[in-house]
Each structure stands twice: as C-alpha cells, then as structure tokens.
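Chemist: The residues making up each chain are set out below.
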Amino acid sequence: MQVSITVNGQQRTDEVEPRLLLAHYLRDVRGLRATNVGCDTTSCGACTVIVDGLTVKSCTVLAAQADGGQVTTLEGLTGPDGELHPVQAAFRAEHGLQCGFCTPGMVMAAIGVLADNPDPSDREVREGLEGNLCRCTGYHNIVRAVLAAARSGPAAGRVPQTQEVEA
Amino acid sequence: MIPAPFEYVRVRSVDEAVAALTEHGEEAKLLAGGHSLLPIMKLRLAVPSVLVDISGIRELSYVRVEGDEVAVGAGTRHSELERSEVARTEVPLLPHTAGRVGDPQVRHRGTLGGTVAHSDPASDLPTALLALGGTVVVQGPGGRREVPVTGFWTGFFETALAPDEVVVEVRVPRTGGAGWGYEKFTRRENDWPIVAAAAVQGRVALANMGGSVVRATATEEALARGASIAEAAALADEGTSPTADMHADQEYRRHLARLLTRRALEKAAA
Ligand code: FES
Ligand code: FES
Numbered sequence: 001m002q003v004s005i006t007v008n009g010q011q012r013t014d015e016v017e018p019r020l021l022l023a024h025y026l027r028d029v030r031g032l033r034a035t036n037v038g039c040d041t042t043s044c045g046a047c048t049v050i051v052d053g054l055t056v057k058s059c060t061v062l063a064a065q066a067d068g069g070q071v072t073t074l075e076g077l078t079g080p081d082g083e084l085h086p087v088q089a090a091f092r093a094e095h096g097l098q099c100g101f102c103t104p105g106m107v108m109a110a111i112g113v114l115a116d117n118p119d120p121s122d123r124e125v126r127e128g129l130e131g132n133l134c135r136c137t138g139y140h141n142i143v144r145a146v147l148a149a150a151r152s153g154p155a156a157g158r159v160p161q162t163q164e165v166e167a
Numbered sequence: 001m002i003p004a005p006f007e008y009v010r011v012r013s014v015d016e017a018v019a020a021l022t023e024h025g026e027e028a029k030l031l032a033g034g035h036s037l038l039p040i041m042k043l044r045l046a047v048p049s050v051l052v053d054i055s056g057i058r059e060l061s062y063v064r065v066e067g068d069e070v071a072v073g074a075g076t077r078h079s080e081l082e083r084s085e086v087a088r089t090e091v092p093l094l095p096h097t098a099g100r101v102g103d104p105q106v107r108h109r110g111t112l113g114g115t116v117a118h119s120d121p122a123s124d125l126p127t128a129l130l131a132l133g134g135t136v137v138v139q140g141p142g143g144r145r146e147v148p149v150t151g152f153w154t155g156f157f158e159t160a161l162a163p164d165e166v167v168v169e170v171r172v173p174r175t176g177g178a179g180w181g182y183e184k185f186t187r188r189e190n191d192w193p194i195v196a197a198a199a200v201q202g203r204v205a206l207a208n209m210g211g212s213v214v215r216a217t218a219t220e221e222a223l224a225r226g227a228s229i230a231e232a233a234a235l236a237d238e239g240t241s242p243t244a245d246m247h248a249d250q251e252y253r254r255h256l257a258r259l260l261t262r263r264a265l266e267k268a269a270a
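Going down the list, the sequences are from chains A and B.
For the first sequence, counting from 1, position 78 maps to 78 in this note's numbering; every step adds exactly one.
For the second sequence, counting from 1, position 34 maps to 34 in this note's numbering; every step adds exactly one.
One or more of the hints may lead you astray.
Stretch-level coverage of chain A by chain B, calculated; a stretch enters the list once three of its residues show a Cβ under 8 Å from a Cβ in chain B [unchecked claim]:
hint, segment
1, 9-17
2, 29-42
3, 51-58
4, 102-114
5, 124-133
Simulated from the structure, these hints should not be mistaken for laboratory data.
We treat Cβ as the ideally placed atom computed from N, Cα and C, and that holds for glycine.
Please build the complete structure, drawing on both the sequences and the hints.
Modeler: Printed below as a string of structure tokens:
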C-alpha cells in the first residue's frame, strides 16, 4: 500500500507493507535512526515520536495509521543552524542522559508533557514520563532537565514541525 | 517483532466498517487505537488476515449528555475522555479511570470502544463501566442494539459482540456528585492492575478477579442490607475465581480485592 507521511516537515509517498510499524518506517524507510526500539512491547517509550501533535509509541502504531499525518522525530527538533530545542539543551545542561538510548524518546515525551502543562511540578513530570524507562536509571537528572526546560520558557513545549508546515 | 501479513482496509463510516466485517467474516479484526490488538499481533497470538481501520471515523469521538445518561463515542481516546469537562462533571469515575490507563502515549491512542471490545479482565475502563452500569451500543448488519454492561463481558477476551458488529457507543448513568472510588494495585504505575476495584452508588466491580471484569455481588448485597464498609468489603472476593500468575497467587488477589474494595468504598463515602 502507499502511505504519504510528513516527517519533520518533509512529505513523501512510499510503498510499504501494511504491517510495517511506524518505528521501522522512520528508521528503515526514512533513514531517521534517532528513534530507538527498546522493548518493542509498548513498555519503554524509547520509540516515542509525535504524531499530529500527540506523543505515541511508534513500535505500536502502523505506518498505515500515520498516512496523511505529521510526524516529528528527534531529528526534527534541531533548528537549521543546529540550534538545540530547549528540551534538548536542558538535557545536555542537566546531564539528563548517560548512555543516551532512552534519550530520544525521553525528549519527545518531555515535550509532550510540557505541551500539556508548561509549568509542571516534579511529581507531574514523573507521572508524565511514566511510559518511558531509562535503563541507566538516570531519572533524577531527567526530571531536573525537564523542569529546567519548563523554566526556560514556553518554547520548551513546542513541536517545531507541526507549526511550520501547513496542514 | 512484526505482525504476520494482513490486508489493510480503511473505512470512513460505521456502515462501511460493518460491510467490511460482513464481507471478511471472522478473518477480519477492527483496528482503532491498536494498543491491545497490535501487541498481540506482534506476538502472533492474533493473526487476522484483514484489518479494518476505524480510527479515521471521527464522528465516533464525543462525550455528551443525553437525558439521564452520558453517551461516549466508541472512538473517544482515553486522553480525550480523561479531559472531557462533561465527563468530569457528570460521571467523574470514568475520566478518572481513563487517566489511570497505561501512560500518556498509550492514552493518546487507546479508545473506549477498543478496550470494551477487547474484554481483558485486567482492564481499567470496563471495571469502571461495570460499576457504573449502563449499556454498550453495537451496530451490525441489522442495525443497532443495546447490550447492558452486566451482560457484555462474557469471559476471557469474550464479549456479547457478534463478529460482524461494531461497538459504537457506551452509555452510562449520570452520577453527578455521588461519591466514587477507583483503587488499582500495580507494581509500576503504568502497568495493568494486578487487581482493581471501582465503587459508585453501592455498586462494586473488580478487575482481574476472574475471566472477565466482575461485580462484587456479595459486597453489594451486604451494603444493601446496611452492613458497614468493613463488613461488606470483607466479602468482596466471594464468588470470584482469580487466576495465579507471576504477579500474584490466588490468595493474594483475594486479599487485594477485599482491601481495594474497602478503600474504594471509603473514598466513595468520604
Ligand atoms: S520500543 Fe516502543 S515502547 Fe519500547
Ligand atoms: S541514559 Fe541510558 S537508558 Fe537512559
């Protein structure tokens, strides 16, 4: 079947098998490898991307279900001049990553949390990230990074591509 | 893990969905949020040859008051139900329970109709619905019919739904300011409940205490007789048949059912 999906502002039409998962579409068809597959069972959140403004676990969504939609991956967060998204910058400043495997999913999930609630408490950040696991268990710094991103201003909850590209 | 191959059909209306189910029969499965179906397809526990995607039917997504009831469209996502002002005012147990399902990413995809049709005995929202009472509205080739929630979940992943029927709506009584409680025991916040108890207006339902979600009838009868919460809750596991698994043995589940029922009833009475 054909799917036409806008990823990070770029629309493309591809011939795919209906059973192709969005995570594999992003990695193998679109060549965007920031999105990791950790558990493959909707548990770890490493595969979190934003589809039509909402965070989803792309290991549990078919590419077919994103047909006609807008997807943002970690690659889509960085500005044209390499400028980091406020959440990325906060993860770097606060040491919100160790091995980095969970980080793309954590960053996308954190943007989702901040989009919903620009000024979350420590507890609200933890609850908002309940679907994301860090095997390095660096949760304290991750939460600190999200809180720092929130303090940096409303841009921390913004998804760049869904605003720059017309529907 | 990758699902076995299937044919993918996207439909734009319930009529089209029913037609696709009629055409493909038992080989076909409906796909909504996909958060119950795709995981079991990846494990090859389900191998449908046709997936009928109903997630594009946006008119199945609503929460509105109709007379004494609140009607919730089957396509309503858990995150939408969780935030619905109508639901929070008219039937607060339901949006609260929607907010306890999985994690935010899961709630962005999962739908009420999907969890109702899936009939996992450990699912949150069917437990709340069973305590609330009300009906599941289904549509098939012969039109619509209403099935009371008390007769909808018939067993382990089994429902009163025929293979060519689609869940289109769930209707629950408006409970307004009546007290309610939902108590769920998990090892990690976003897990399925090991046991859960929902209580509202003297009715109590339990998750994971049998092949399907079940009512704690002995507790309800005791409450109706005027028993105290502690006395009534001590009967919560009567007539249930919990299974044992790596999370809990039967006796522990029975203990949890009594404990969570007491807490849910205390919340409802507070
Ligand atoms: S890989 Fe998708 S949730 Fe773990
Ligand atoms: S930084 Fe290693 S898994 Fe989170």
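Chemist: Now tell me, hint by hint, if it's right for this structure.
Modeler: Taking the hints in turn, this is what the structure says about them:
Counting residues of the segment 9-17 of chain A whose beta carbon lies closer than 8 Å to any beta carbon of chain B gives 1, which falls below the threshold of three, so the coverage claim is violated. A count of 3 residues in the segment 29-42 of chain A with a Cβ less than 8 Å from any Cβ of chain B is obtained; the coverage claim is therefore met, three being the minimum. Residue count for the segment 51-58 of chain A with a Cβ under 8 Å from a Cβ of chain B: 4. That meets the three needed, and the coverage hint holds. A count of 3 residues in the segment 102-114 of chain A with a Cβ less than 8 Å from any Cβ of chain B is obtained; the coverage claim is therefore met, three being the minimum.
Only when three residues or more bring their CB closer than 8 Å to a CB of chain B does the claim for the segment 124-133 of chain A stand; here the count is 5, and the claim holds.
Checked against the numbered hints given earlier, this structure breaks only hint 1.
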